[in-house]
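**Student:** Heads up: the protein sequence lines correspond to chains Z and A, in order. The first sequence maps to residues 1 to 556 in my numbering. The second sequence maps to residues 1 to 556 in my numbering.
Note that these hints are calculated values from the structure, not bench results. Mixed in with the good hints there might be a few duds.
Pairs count within a copy or across copies, as identical chains cannot be separated in the list.
As the list claims (entries may be wrong) - 27 Å max Cα-Cα, derived DSS-like pairs, lysine-lysine:
1) K415 <-> K182
2) K182 <-> K140
3) K127 <-> K185
4) K140 <-> K188
All values derive from a computational prediction rather than experimental measurement.
Number of protein chains: 2
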Amino acid sequence: MEKFKVRFVPLGGIVGVTKNLYVYELYLDDKLKDILIIDCGIGFPLEKELGVDFVIPDISYLQDKKDKIRALLLTHGHEDHIGALPYLYDSLGRPPVYASKLTSVFVENKFKENKQRITVTRVDFEKVYSFGDFRASFVKMTHSIPDTTHIIIGSPIGSFYHGPDFKLDLTPPYGSPPDFYKIVKSGKDGILCLLSDCLGAERPGLTLSESIVGQTFEDEMRKTKGKFIMTTFSSNISRIRQCVEAAIKFNRKIFFLGRSMKQNSQLAAEIGYLPVPEKLIGREEELIKLPPNKVCLIAAGSQGQYGSALSKLADKQNQYTRIKPGDKIIFSSDPIPGNENEVYGVIEDLVAQGADVVYSDIADQLHSSGHGNQEDLKFLIRFTNPAYFIPIGGTIRHQKQYENLAEGLGYDKSKVFSLNEGETIWFDGGKAYKGQEVETKNIYVDAYGVGDVGNIVLRDRKTISSEGVVFSFVIIDKTGRLVARPKIVSRGFVFEKGEEKLYNDALFLIEKVMKPKGGKILELNHIKREIIDNLEGFFFKERGRRPLIVAEIVQL
Amino acid sequence: MEKFKVRFVPLGGIVGVTKNLYVYELYLDDKLKDILIIDCGIGFPLEKELGVDFVIPDISYLQDKKDKIRALLLTHGHEDHIGALPYLYDSLGRPPVYASKLTSVFVENKFKENKQRITVTRVDFEKVYSFGDFRASFVKMTHSIPDTTHIIIGSPIGSFYHGPDFKLDLTPPYGSPPDFYKIVKSGKDGILCLLSDCLGAERPGLTLSESIVGQTFEDEMRKTKGKFIMTTFSSNISRIRQCVEAAIKFNRKIFFLGRSMKQNSQLAAEIGYLPVPEKLIGREEELIKLPPNKVCLIAAGSQGQYGSALSKLADKQNQYTRIKPGDKIIFSSDPIPGNENEVYGVIEDLVAQGADVVYSDIADQLHSSGHGNQEDLKFLIRFTNPAYFIPIGGTIRHQKQYENLAEGLGYDKSKVFSLNEGETIWFDGGKAYKGQEVETKNIYVDAYGVGDVGNIVLRDRKTISSEGVVFSFVIIDKTGRLVARPKIVSRGFVFEKGEEKLYNDALFLIEKVMKPKGGKILELNHIKREIIDNLEGFFFKERGRRPLIVAEIVQL
Numbered sequence: 001m002e003k004f005k006v007r008f009v010p011l012g013g014i015v016g017v018t019k020n021l022y023v024y025e026l027y028l029d030d031k032l033k034d035i036l037i038i039d040c041g042i043g044f045p046l047e048k049e050l051g052v053d054f055v056i057p058d059i060s061y062l063q064d065k066k067d068k069i070r071a072l073l074l075t076h077g078h079e080d081h082i083g084a085l086p087y088l089y090d091s092l093g094r095p096p097v098y099a100s101k102l103t104s105v106f107v108e109n110k111f112k113e114n115k116q117r118i119t120v121t122r123v124d125f126e127k128v129y130s131f132g133d134f135r136a137s138f139v140k141m142t143h144s145i146p147d148t149t150h151i152i153i154g155s156p157i158g159s160f161y162h163g164p165d166f167k168l169d170l171t172p173p174y175g176s177p178p179d180f181y182k183i184v185k186s187g188k189d190g191i192l193c194l195l196s197d198c199l200g201a202e203r204p205g206l207t208l209s210e211s212i213v214g215q216t217f218e219d220e221m222r223k224t225k226g227k228f229i230m231t232t233f234s235s236n237i238s239r240i241r242q243c244v245e246a247a248i249k250f251n252r253k254i255f256f257l258g259r260s261m262k263q264n265s266q267l268a269a270e271i272g273y274l275p276v277p278e279k280l281i282g283r284e285e286e287l288i289k290l291p292p293n294k295v296c297l298i299a300a301g302s303q304g305q306y307g308s309a310l311s312k313l314a315d316k317q318n319q320y321t322r323i324k325p326g327d328k329i330i331f332s333s334d335p336i337p338g339n340e341n342e343v344y345g346v347i348e349d350l351v352a353q354g355a356d357v358v359y360s361d362i363a364d365q366l367h368s369s370g371h372g373n374q375e376d377l378k379f380l381i382r383f384t385n386p387a388y389f390i391p392i393g394g395t396i397r398h399q400k401q402y403e404n405l406a407e408g409l410g411y412d413k414s415k416v417f418s419l420n421e422g423e424t425i426w427f428d429g430g431k432a433y434k435g436q437e438v439e440t441k442n443i444y445v446d447a448y449g450v451g452d453v454g455n456i457v458l459r460d461r462k463t464i465s466s467e468g469v470v471f472s473f474v475i476i477d478k479t480g481r482l483v484a485r486p487k488i489v490s491r492g493f494v495f496e497k498g499e500e501k502l503y504n505d506a507l508f509l510i511e512k513v514m515k516p517k518g519g520k521i522l523e524l525n526h527i528k529r530e531i532i533d534n535l536e537g538f539f540f541k542e543r544g545r546r547p548l549i550v551a552e553i554v555q556l
Numbered sequence: 001m002e003k004f005k006v007r008f009v010p011l012g013g014i015v016g017v018t019k020n021l022y023v024y025e026l027y028l029d030d031k032l033k034d035i036l037i038i039d040c041g042i043g044f045p046l047e048k049e050l051g052v053d054f055v056i057p058d059i060s061y062l063q064d065k066k067d068k069i070r071a072l073l074l075t076h077g078h079e080d081h082i083g084a085l086p087y088l089y090d091s092l093g094r095p096p097v098y099a100s101k102l103t104s105v106f107v108e109n110k111f112k113e114n115k116q117r118i119t120v121t122r123v124d125f126e127k128v129y130s131f132g133d134f135r136a137s138f139v140k141m142t143h144s145i146p147d148t149t150h151i152i153i154g155s156p157i158g159s160f161y162h163g164p165d166f167k168l169d170l171t172p173p174y175g176s177p178p179d180f181y182k183i184v185k186s187g188k189d190g191i192l193c194l195l196s197d198c199l200g201a202e203r204p205g206l207t208l209s210e211s212i213v214g215q216t217f218e219d220e221m222r223k224t225k226g227k228f229i230m231t232t233f234s235s236n237i238s239r240i241r242q243c244v245e246a247a248i249k250f251n252r253k254i255f256f257l258g259r260s261m262k263q264n265s266q267l268a269a270e271i272g273y274l275p276v277p278e279k280l281i282g283r284e285e286e287l288i289k290l291p292p293n294k295v296c297l298i299a300a301g302s303q304g305q306y307g308s309a310l311s312k313l314a315d316k317q318n319q320y321t322r323i324k325p326g327d328k329i330i331f332s333s334d335p336i337p338g339n340e341n342e343v344y345g346v347i348e349d350l351v352a353q354g355a356d357v358v359y360s361d362i363a364d365q366l367h368s369s370g371h372g373n374q375e376d377l378k379f380l381i382r383f384t385n386p387a388y389f390i391p392i393g394g395t396i397r398h399q400k401q402y403e404n405l406a407e408g409l410g411y412d413k414s415k416v417f418s419l420n421e422g423e424t425i426w427f428d429g430g431k432a433y434k435g436q437e438v439e440t441k442n443i444y445v446d447a448y449g450v451g452d453v454g455n456i457v458l459r460d461r462k463t464i465s466s467e468g469v470v471f472s473f474v475i476i477d478k479t480g481r482l483v484a485r486p487k488i489v490s491r492g493f494v495f496e497k498g499e500e501k502l503y504n505d506a507l508f509l510i511e512k513v514m515k516p517k518g519g520k521i522l523e524l525n526h527i528k529r530e531i532i533d534n535l536e537g538f539f540f541k542e543r544g545r546r547p548l549i550v551a552e553i554v555q556l
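Excised from the complex, chain Z in its bound form (with noise of 0.2 Å):
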């Protein structure tokens, strides 16, 4: 008789909670038959690698099967979810992709930016797609974002419901609430594994809807008397679409700032998703005589980035207005951990020009998060009903709180899986047990901010390979000041011996960078990227060649 088996391989997603991409294999009599793919995302990483901005998932492990791979689906827009594909996709062999109406439209533009091309197909809901011996039916979800869908996986020895990024948001914005029946059906039917999102699990209640982020809004707007200034990830198009509707109710022209804020507000616009009259919408330069009562800006930036429109707002950089006192700035989103010394240090100079910031920390209904809290993650365990777990997208703590929600269900916590990224389980005969580790690596890919990552021309990783590293070290004291010479060291860059002079002036730009400004002590991250900016066009010069710059700093 023939016999199935389901293997399930996390490249990415779990304990990293960004850079998302799940394998789902099935195996006939031991022979590997089928495989599915769940997402194809960039990653933040948690703990900041060496001047890396972020992260694609490793798909060496997949290079020798591609043959297999029957499809890839994207549960929805956000770039941790869909940003690595533009990157992976010939190598994974360019496979069908799935997605909904928003994510397709997000992935295609990716395509066209970097000269690309791809068709995604716009999933039907109603239709049970069969991929090999797998099938997949998509389900209507709710999230930050939307089109969002969760994922339920047939296969010959049981079910998956493949359940990432959500929240059970019965009033959202944008689209229609969750597809209850769906989900419970599915429970009733048998669920053999639940993959959950798991990042709200330390947070009791229900997450609020995105809804009432609206009212804040408006709110905080009918009391601002200077600019209004909105922050949030520029794939949060349910966000920002009720950011626009309060400044058309507030009568102020609304300015789309940098440009991933810009480009996904016209995708977004262009579908339908974003209703804004033509004559509401301002170019830049009319800032300059617009009286601040007037104006709404929507800025990227919101996690602190360098270079972003928010900290050119913040450095006094912007070159059609400056942040004055009466201006309402505010974070709708919360940092993504990791981001935090960032974003304050952003929050800090806003302050300090005489804005009123308001940000989650001070005010909870800013910010409704994305991420379902313990109520809403519990309601998808009792729908769901599941006989196994595997939490993902959170980090170890948020595993752990997991397994205790599960428990307080009454499930025994051996049926929770925690997951290292490549730690894979078996599903065999109605168990579940682990299997041999796949080996993974973080793969680094080096650009200028977070938030804008998906629109910037990205130095291809082998390029970057290719180029070389230039590894700089300096350490300080507690004022900022050098306590001792930088360091360089460099690989694969130019041969150290024969260019004693080349590294003798890079040390030089390194001490001149640290010098202290003005008085003004810069945030270290910023000293980074000011050291990497400066070593990267020097060495350009010298030599026409980009390596990639990593600066270190040791604070004593």
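Position chain A against the provided structure of chain Z, taking the given hints into account.
**Tutor:** Below, chain A without anything else, positioned relative to chain Z:
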């Protein structure tokens, strides 16, 4: 062609919160064919009627339609849903009664106490029952009492989701969580009208699980050096169970105080819903010798009812024990609107004796409401997605809030029918519209206290009306002193003209009651109660009759 219509007739449970009795009528070619009755409870009037403790539904409308009543279905075992059955069952023509296990046990016991007989069919949740051309299927739901149900009522013209008192409890301390599949499936199949609990419509968020209360009991018990005393509704078996479990953990002997509390806990224990080791159940006499830290009292009287077990403790009337500093009293139930004065009166007395009193105003997690907050209500709406709504079990302000909730979910307010008692709705060809009003009046029952109401022998209301009524009026100043002679008026008792002496003596009796005792000014309701008690005894001694006594006090 045959033409069916359905009419919904609420004979109670609407606006007044309690006294639930709902009638569904099926008409064939404008002729009444089948009647289904849901619930038959006592009521606690919001505005205290003169000396009347509770009311029962007025079923005169049904008197000439008894032969059409196909069944009486009970949703759960709370007094306001089952308590009136012993008084009305005969008048309803003794239709077949259906209920879940605990509800059946409570009802059967109630009848046994009154020396009446009843057979309650324990429902099979898998079954669809036929009652004439109605169909009914019970849904497992969660509330503050185990075995709570909702009912899906099918009819030739569409289905009704009858959803009284509930919250979506994912971790009920006893029994299973709500049957989400059945609920959502009913919505998928199509619900013409959702009749939903609305009492929690003002409260944001999701209601806390009953289970949270158990943790609080443990935390409080751990800190308590003296006696641990918990009071709640005696029908709240889930809460009693959690208190018992905490007591077992901390090795405290358990004493059930109050008849209702003793009986209900015994009934629940008999069917396995309240497992307590025999040796941990104490008899009240043992309280004299047990050290306070070995004692857990579970007392009736959470509504501050005069004469209840708790009120006796507060009044130093318990013959085996006294409240001492170090004792902890936990009110694990909110005052029913209208009972606040009595509850706070008891709390004051307890605190005066040095006890630590914890109640919901100062500790939210003590009383997780049995009624769903806004999110619970919204979930039920999304699950069932009805064409029409009728909010039940709330007052006018809850109904209005419920309308707002439905509107917030995108439904037109015109689809929500906020009814008064007796106001009817026709369902006719997919449409709903108001029908002719049915006349109802409150039928008063005179008894001692609310919580214990199910367990005392009530005077039959016919007897009351044959005995007559005596009204007494007292006018006092701020200090509680009489400012004029009391007044007595009677009807249907004895003819006043020939009975001057009787009435004069009665007046003296009232004046005696009103004399301040030991400097303590009694709470108004206590004074009322004392007047009633004294007059009752007096008239019975003098004339051998027991008229309904009403005492009204006006404080200037």
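**Student:** Decide, hint by hint, whether the structure agrees.
**Tutor:** Hints, one by one, checked against the model:
no., hint, verdict
1, K415 <-> K182, "both (24 Å within a copy, 26 Å between copies)"
2, K182 <-> K140, "both (9 Å within a copy, 20 Å between copies)"
3, K127 <-> K185, "both (15 Å within a copy, 19 Å between copies)"
4, K140 <-> K188, "both (18 Å within a copy, 15 Å between copies)"
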